Amino acid sequence: MKQVNTATHNTARARELLAMMERIRAFEEQAILAAERDKLVLGAIHPSIGQEACAAGVMQALNTDDILLSTHRGHGHTLAKGADALAMMRELLGREGGCCGGKGGSMHIADFGVGMLGANGVVGANITIGAGAAHGIKLMGDNRIVVDVFGDGAINRGPFLEGINWASVFELPVMFVCEDNQYSATTKTKSVTAGQGAAARAKSLGLKATVIDGNNVEAVANAADEIAARLRAGGPPEMLHLITYRRTGHTSFDPATYRPEDESAREEKLNDPIARQRTLLAGMGVSEDALDTIHQTAQTEMIAVLAKAAATPFPDDNTAFLDVQDTGSPAVEAF
Amino acid sequence: MVKMTYVEASREAVREMMHADKTVWCVGEDLGRGSVFGQYLGLQEEFGPDRVADTPISEAAIMGAAFGAAMVGTRPIVEMRFSDFALCATDELVNQIAKARFMFGGQSRAPMVIRKPIGLWRSSAAQHSQSLESWYVHIPGLVVVCPATPQDNYSMMKAAIKCDDPVVYLEHKNIWQMEGEVDKSLEVTLGKAAVRRSGDDVTLVSWSDTANKCVAVADRLATQNIHAEVIDLRSLWPWDKGTVLASVRKTGRLVVAHESVAVGGFGAEVVATVAEQAGDALRGPLRRLGAPRSLVAYAPNLEDQVRITEDMIEKAALETLGKSAP
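Taken in order, these protein sequences are the chains called A and B.
Numbers 1 to 335, taken from the numbering used here, label the letters of the first sequence in order.
Numbers 1 to 326, taken from the numbering used here, label the letters of the second sequence in order.
Mixed in with the good hints there might be a few duds.
Unchecked claim - For each label pair, taking beta carbons as the anchor points, the in silico distance ranges come out as:
#1 B:GLY42 <-> A:ASP84: 44 to 54 Å
#2 A:GLY234 <-> B:THR189: 22 to 32 Å
#3 B:PRO49 <-> A:ASP142: 11 to 21 Å
#4 A:ALA311 <-> B:LYS250: 51 to 61 Å
#5 B:ASN95 <-> A:ALA311: 49 to 59 Å
#6 A:ASN318 <-> B:GLN305: 43 to 53 Å
#7 A:PRO330 <-> B:LYS3: 32 to 42 Å
#8 B:GLY34 <-> A:ALA233: 48 to 58 Å
#9 B:GLU46 <-> A:MET140: 16 to 26 Å
#10 B:THR189 <-> A:THR64: 33 to 43 Å
Note that these hints are calculated values from the structure, not bench results.
Predicted model, so just to flag it, every value in this text is computed and none were measured.
Beta carbons are placed, not taken as given, at the ideal position from N, Cα and C, and that holds for glycine.
So here's chain A without its partners, still in its complex pose (with noise of 0.2 Å):
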């Protein structure tokens, strides 16, 4: 069981959880690259960059074999969760030896051999899975725990609110995390959301309810530890909503000119995870040099991931009517 750090402020946690982010950072910085320079991810891709706190900060609580449901915008949980960064840039290219083989691509990331069992098209999806993992695991009477990823845009349908009433009602060891950029694909959640969001809901529902900076990794990851250890113990199901920003358009394609101009120039300059957590950083006494080192071993792995996923050939044609079913599987029955 993974030993719970209640140091805020440790150094060597503090220097991994930066590494994280600048990991995640520039897988997605050569992911939008590969899409709009080199033409080769042909699919949207739903970058995350700006919200890397979050996955940092909340995968950090998890042990592999814990599990995580994601959504759309899910790089950069899974590769904090522990998947191989070279099979996702696989099959963000739809490569053969990406995680999924090139069927799901970054809609429908997942890497079951370290619990991460799927990205999800479909917003809010995720919510009742995840309750419904954490149930199967309880049924066989294990102690892992899930962590339940969904936007602030997700909150809105259906399934927020049977999946997290059934999560109560069967005391089910989930921690529900509304990842809250601000926005519902294009539209603002704010002019669409009735209350006062996530949190809020989910005490109508009984849950306690944590609501932090998203931005402030050592924040996220205090929280998250701490809802952590009460679901080991035991305890109900919780729900972490992360205050963030997202600083792309809702794909790598979008513009977002529908919002005001500096808003998101304003959040990278003042509001940047990266930034923040180099800050403090320095202020324990690590060096620019040392920080610079994070960055720049983060950059070169992922350019040279990119390099290796370009350069890997596309599955092979057979492939596309394997696991669709055994009992009349395509392979045997054509029409």
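Please arrange chain B on chain A, whose structure you already have, making use of the hints.
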């Protein structure tokens, strides 16, 4: 052989499988009280409330949570009460359960039985009477079965629980109390039809309760010295093309009958396949019987307007032989 009703047969199969495999569990509304039709009577007392779980009225969560539990290694039996209510969980079934194994490149399985009672059931009106089996056949990833007898409801339920694919299990509401002999040692392969009457003159293809009507029609035709072969497909995906094509090659005549709407129904798939692959063997016009593309009404006389009857099936069979009804 044991005498059982249709509802007892699947209940007994579930009970035996729950004893045999500790990962099998049932989830749905009111299961502790047996559910709507008594399909689960006694099971909660026998296995406890964790393995026979009563849920909120949350179809999307029942389906979605069962799927999550399936992905971590359990084998849920999901109860939707009425196939009509299952539409509230369509995203979970069609976008999630059916696609997960493929989308995730084979990393996951969803070994689930999803029970959705179908069919006309006197004066249940438009939201409790539908037969939507052809919808599910259209979704790659799903297995679709429609048992018509106590024997098949026993054997197919066992096969469905053992199946590693998600199985949409469509029991017919009007035959819960149908009695029949059940041979517990009989195993079925999903995708294999049952030839319920053998004959050389005309092939009657059907499934679910309409297959029972076809058997009755075959008995009526026999009194006119016409020997119908009745093929109960039992499962619609996969479906037993081989048995149907061989029969039509023998009889040269085909009637397909089903309770669901004819337009876009699975009967069209059967007829098209026969026309393509055994058209040269046909010696009479193909006939396809299904409900008018209308809605099921409450008043009994109005409800009967969309019902496929034994008389209609008999008339169609005779027409393929160039005869008219007596």
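The hints, checked one at a time:
The hinted window of 44 to 54 Å between B:GLY42 and A:ASP84 holds, with their beta carbons roughly 49 Å apart. Roughly 44 Å separates the CB atoms of A:GLY234 and B:THR189, a value that falls outside the hinted 22 to 32 Å. The hint said 11 to 21 Å for the Cβ distance between B:PRO49 and A:ASP142, and at roughly 19 Å that hint holds. In this structure the hint that A:ALA311 and B:LYS250 lie 51 to 61 Å apart at CB holds, the actual value being about 58 Å.
The supplied range of 49 to 59 Å is broken by B:ASN95 and A:ALA311, whose beta-carbon atoms lie about 33 Å from each other. A hinted range of 43 to 53 Å for the beta carbons of A:ASN318 and B:GLN305 is consistent with their spacing of about 49 Å. The hinted window of 32 to 42 Å between A:PRO330 and B:LYS3 holds, with their beta carbons roughly 40 Å apart. Distance hint for B:GLY34 and A:ALA233: a CB-CB separation of about 37 Å, inconsistent with the stated range 48 to 58 Å.
Look at B:GLU46 against A:MET140: about 20 Å separates their beta carbons, and that is inside 16 to 26 Å. Distance hint check: the CB atoms of B:THR189 and A:THR64 are about 39 Å apart, consistent with the given range 33 to 43 Å.
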